[in-house]
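**Q** One-letter residues, chain by chain:
There are 6 protein chains.
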Amino acid sequence: MRPSNRTPEQNREIKITRHYTDYAEGSVLIEMGNTKVLCNASVSGSVPRFLKGKGKGWVTAEYAMLPRATHIRNMREAAKGKQGGRTLEIQRLIARSLRAAVDLNALGENMITVDCDVIQADGGTRTAAITGGCIALADALNWMVKKGKLKKSPLKQMIAAVSVGIYQGTPVCDLDYAEDSNAETDTNVVMTESGGLIEIQATAEDGAFSHEQLLSMLSLAKGGIEALVVEQKKALNAE
Amino acid sequence: MRPSNRTPEQNREIKITRHYTDYAEGSVLIEMGNTKVLCNASVSGSVPRFLKGKGKGWVTAEYAMLPRATHIRNMREAAKGKQGGRTLEIQRLIARSLRAAVDLNALGENMITVDCDVIQADGGTRTAAITGGCIALADALNWMVKKGKLKKSPLKQMIAAVSVGIYQGTPVCDLDYAEDSNAETDTNVVMTESGGLIEIQATAEDGAFSHEQLLSMLSLAKGGIEALVVEQKKALNAE
Amino acid sequence: MRPSNRTPEQNREIKITRHYTDYAEGSVLIEMGNTKVLCNASVSGSVPRFLKGKGKGWVTAEYAMLPRATHIRNMREAAKGKQGGRTLEIQRLIARSLRAAVDLNALGENMITVDCDVIQADGGTRTAAITGGCIALADALNWMVKKGKLKKSPLKQMIAAVSVGIYQGTPVCDLDYAEDSNAETDTNVVMTESGGLIEIQATAEDGAFSHEQLLSMLSLAKGGIEALVVEQKKALNAE
Amino acid sequence: MRPSNRTPEQNREIKITRHYTDYAEGSVLIEMGNTKVLCNASVSGSVPRFLKGKGKGWVTAEYAMLPRATHIRNMREAAKGKQGGRTLEIQRLIARSLRAAVDLNALGENMITVDCDVIQADGGTRTAAITGGCIALADALNWMVKKGKLKKSPLKQMIAAVSVGIYQGTPVCDLDYAEDSNAETDTNVVMTESGGLIEIQATAEDGAFSHEQLLSMLSLAKGGIEALVVEQKKALNAE
Amino acid sequence: MRPSNRTPEQNREIKITRHYTDYAEGSVLIEMGNTKVLCNASVSGSVPRFLKGKGKGWVTAEYAMLPRATHIRNMREAAKGKQGGRTLEIQRLIARSLRAAVDLNALGENMITVDCDVIQADGGTRTAAITGGCIALADALNWMVKKGKLKKSPLKQMIAAVSVGIYQGTPVCDLDYAEDSNAETDTNVVMTESGGLIEIQATAEDGAFSHEQLLSMLSLAKGGIEALVVEQKKALNAE
Amino acid sequence: MRPSNRTPEQNREIKITRHYTDYAEGSVLIEMGNTKVLCNASVSGSVPRFLKGKGKGWVTAEYAMLPRATHIRNMREAAKGKQGGRTLEIQRLIARSLRAAVDLNALGENMITVDCDVIQADGGTRTAAITGGCIALADALNWMVKKGKLKKSPLKQMIAAVSVGIYQGTPVCDLDYAEDSNAETDTNVVMTESGGLIEIQATAEDGAFSHEQLLSMLSLAKGGIEALVVEQKKALNAE
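Protein chains in written order, with this note's numbering: chain W, 17 to 255; chain P, 17 to 255; chain R, 17 to 255; chain U, 17 to 255; chain Z, 17 to 255; chain E, 17 to 255.
Heads up, some of the hints might be wrong.
No copy is singled out in the list; a pair is fine if it fits within one copy or between any two copies.
[Unchecked claim] Each computed DSSO-like pair below joins lysine-lysine, with the alpha-carbon atoms no more than 27 Å apart:
#1 Lys96 with Lys72
#2 Lys68 with Lys168
#3 Lys96 with Lys68
No wet-lab data here; the hints were simulated from the structure. Predicted model only: the values in this text are computed from it and were never measured.
One chain only, chain W, in its complex shape:
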């Protein structure tokens, strides 16, 4: 029995609010149960130095948790004077994943930065950031088309992500904190809307995991992500 009474393959309730803030070209608040992440996509006309003059665009991401997103207050990274390893690792994952959604050549020399700020954390913040960030990214690309900066959106496909794990011996989908902190294995999976794999990060938390467990987690992830893509599309078509 999961602490939340969900079935093993059941995602938490998802709520997507587009245009959450007024200024960002794409702004999405995604809520996966009690996990709430604000994803703001900003369009810029200048690319990183290594791409200057190559006619190609870039998508990057930043991630942070508000100090009191969690049960215990975490020290603010700006006050500490540096971003921690966990933060850097997560924002690198989000950025790589979102780049897989876009035809960077068709984007031209433009950069989109997706800021993912966790308002409240109840497990699965990085996967929520990817799922919500992709909607903000789609909105920002559509904004560019509307403003005449691009002829058509260079979005190749939606991507979404979910965490899966082995909790008390059973593979479960979309772990909340109560499960995550006690899981034997924790796996983050990023997929395209057509089921292509973009990223898998599987970590044994206590002892090793088996090939069979991996397969069952991947299978759960596939279902969970398909459900998320449905929600993404519903939200994008809602306007």
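With chain W held as given, fit chains P, R, U, Z and E onto it using these hints.
**A** Relative to chain W, chains P, R, U, Z and E alone:
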């Protein structure tokens, strides 16, 4: 005529949402028009080193803007590796102001940290942070009483703040960004619920201001803050 | 009775030494009683990036205390690896104040940096820095005229500053450390030579202050600053 | 055809030199073809703060590349003033992996730090660091037994790692830089000597990868890691 | 002919002002011609961690140049966020030199920090800092005796320092900036009052220097330092 | 009797391995007894800003110790977020010394960075870095000639360095750690192959040293360096 069509003495519409997040002992989203600040108050049983063993408590504050709280994306301070001068100046002001609301001796050796994170900035973020932060602070103190950590709340009084300025020759209350960025003078005023002055920061933006202008701004501020205190109390009594 | 036996409206003895160091275009040691601040104004032909190509100049300031300017040695900020919030807040105030003295358009694309280094601190270092810094600034602008870099000095007016406060119930002018550390309210006032207000920073240190107390402090400040401007002009005319 | 003329399942030549430096309790130079990583394990009697008094030990790791480990000189992280995201991500992976090799309770309140410094980088530095670091770790644990600090080694099992990928459509094992920089997918796999999975990090570099491709990569990784464990054991038994 | 018209063995005019600031236990402004360094010695009752509980004291030093101590303004190290290599190298030299003046065992568990802040730099700032710092150190030790913290001063001997160099083929003593910036060789020598060598740092600026040149520089340094010690003692006996 | 049984004038066994890594233009592992330093010289076509457009080149150096180069693990400087004073002082010495080996005008607008990473430290790491670094530098310059970037090598002369000291009253050459940590005086000497002095850094560790002791140390250093130059040339001619 103000860009927002308000009368000179009129505050923006204020919206106060208590218990905005689940984990902080006090959590308030304050909205002053389009300015939105999340104020989370966290209780800790340990005080700064200079107060250790003195039987006295402390209230401190931190302030940040999300990178895309504004029209243009600002670089994240955690990524820059330091908090800017504006940030430090503002969070020092918030902390000084909130300490004026509390009997620090009655707080005992406890510390309350009020994190003020700006979700969206349309002028007056620091004064909104003080007004909203004081509600979160009151909630956190009440939480301490409920949990048996204190016999009664050491809250001495509510404090609130508003910005006033001279816009196109006319003194106006609660400036939004359209006014703030064109004001001849910008003054932040912090007062107690009984009208005592806690802090005044008046700055000539273009040329000097006169004694008379100062007086008219202070008079506007008094009215504006009185209206804010009414809203603070309404929110605190709502539960 | 003030610890220094001064009357409430009496400034400390002021001593202004121009050309204190040989290399800076303006170099002033200002002594307000035991407070000693070295103000060096440096002329540069390049402006900050946000002003490049706009034909307009800039005045900025930096502030620091020598580690042993005070009774207790403070850790050197360069060794700590960052400037503290108090330092940044003060140097922002000095810079804003000094910019009010200069016609930035007439300055052309030049920048003047005023370094205010506190040799000894006995209260009122930031206001001494503004009063002395304005003389160094005037000297630097005159140097530019003499060197043919400007046709005439873009100095609009002298500005000066003083701290005033409520000490044992009585408003007093130009607080020294003995008063400052026990004051109920501490207010820094910056004015032009013609009495225009540039900046007011009033802070309740213990309890709130009243409108009447504010007015009496501002009145004292006016007199104190007028006396300082007399000394500024005497010094500038001395050569 | 692989650039190195290896068959798809063939590891590069591995060379393991134990006791490479004199002072570390475990010191291993591991060479996987042209990739050379020095792994030094240091024993310390003090654990991180979160473990103090819990009777449990810890294993951590640090990773760095010498500035000229690569074709182009990289700026030294100590000179930049911070470790980059890639570095932090890698050393977190190494540390997690090595902790899976040790019974931390049996280690008692001791910490082992495994420094992995890349002398030369030709692809696969993180997996080489794990494979070599585990030998250094085993040596350090044996040193603790020899010195009477532990009754028996708390090593539960050897762990080893390899990178696998899809290169020109074909799954290949133990990628060198020529392959890695052109691979369509890059997957790092960490396994125990008995075939349990510890960590999988699979990343699509260009387009998504399929479930089938993942399975074929995991199968290659299993073979590659089994071969590495044979070398680890041969080295450990050599003395 | 030297730019300053001095003879090769002639020091610049030296001026020593004791009790330059009011708060430091030792406070000396030393002027060697146009080079002016403020040396403040601060007494602390706590020693660095590596000396805790060993009954032994420590002497350390910090060095900085005010931004406009030189012809061109240097960026403030506190603003840059770190002390430069030159600064660190110099303050390590000053500290090592001053420790040679004191019996650290007799000092007990006390630390003296000598802050050397360069007000104006015309060459030889580090040697002036050592010569002036030793007087401030002596004053601070005498203060400890007067306050009953020590029975007698643990000063073993005065130490002083001078720079010597080869300027246009001729060895000269106490180089000013005009000479220093054109010298073929630059040597800093630290000696005790009885002629013992404490530190020699000789650097070829342009081509190598010969053994004979070294000997002639050391001979000049001996004379120069003897003259400085006479001035140190005159100053210390003046009270 | 020296701990190593060497005669006072005897260097440790020296081993020079050229082409130690594959990618650096010059790569030398130098071993002086148990001290092992990897010196990698990297050629770059861009010079520091202060030399841009002057047609002149530059040689610089960086120095670091691997965390476990010593008996006790030192914290990694990249993790600490800054290079320590000792590191900066040493790399400045290495860079100055190596610049004395090269005709910087003949180098053209090119920069050579010599990274000196200490694999194992048993005393004399900075002098080993200079001696080994000069070989790597020579190799890098020869590489530039071979690649047609320079007509002939701008190497003026080889330079080498050794540490000498007074150990138990006797001057000895090439101190190892056992001697170095107990020496009364420690002197690092850098010379050209023709015996010219480039740098002398003599430090009294315990009490002062005499002129005679200095002369005897310099005499030992001369012999030691001559022997090192023979080894440098042998290595360079070996290919």
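**Q** All hints, please: hold or fail.
**A** Right, here's what the structure says about each hint:
Only between protomers do Lys96 and Lys72 lie at most 27 Å apart by alpha-carbon distance; the minimum there is 26 Å, versus 35 Å within a single protomer. Only within a single protomer do Lys68 and Lys168 lie at most 27 Å apart by alpha-carbon distance; the minimum there is 22 Å, versus 36 Å between protomers. In this assembly of identical chains, Lys96 and Lys68 lie within 27 Å of each other by CA distance solely across copies; the values are 22 Å between and 32 Å within a copy.
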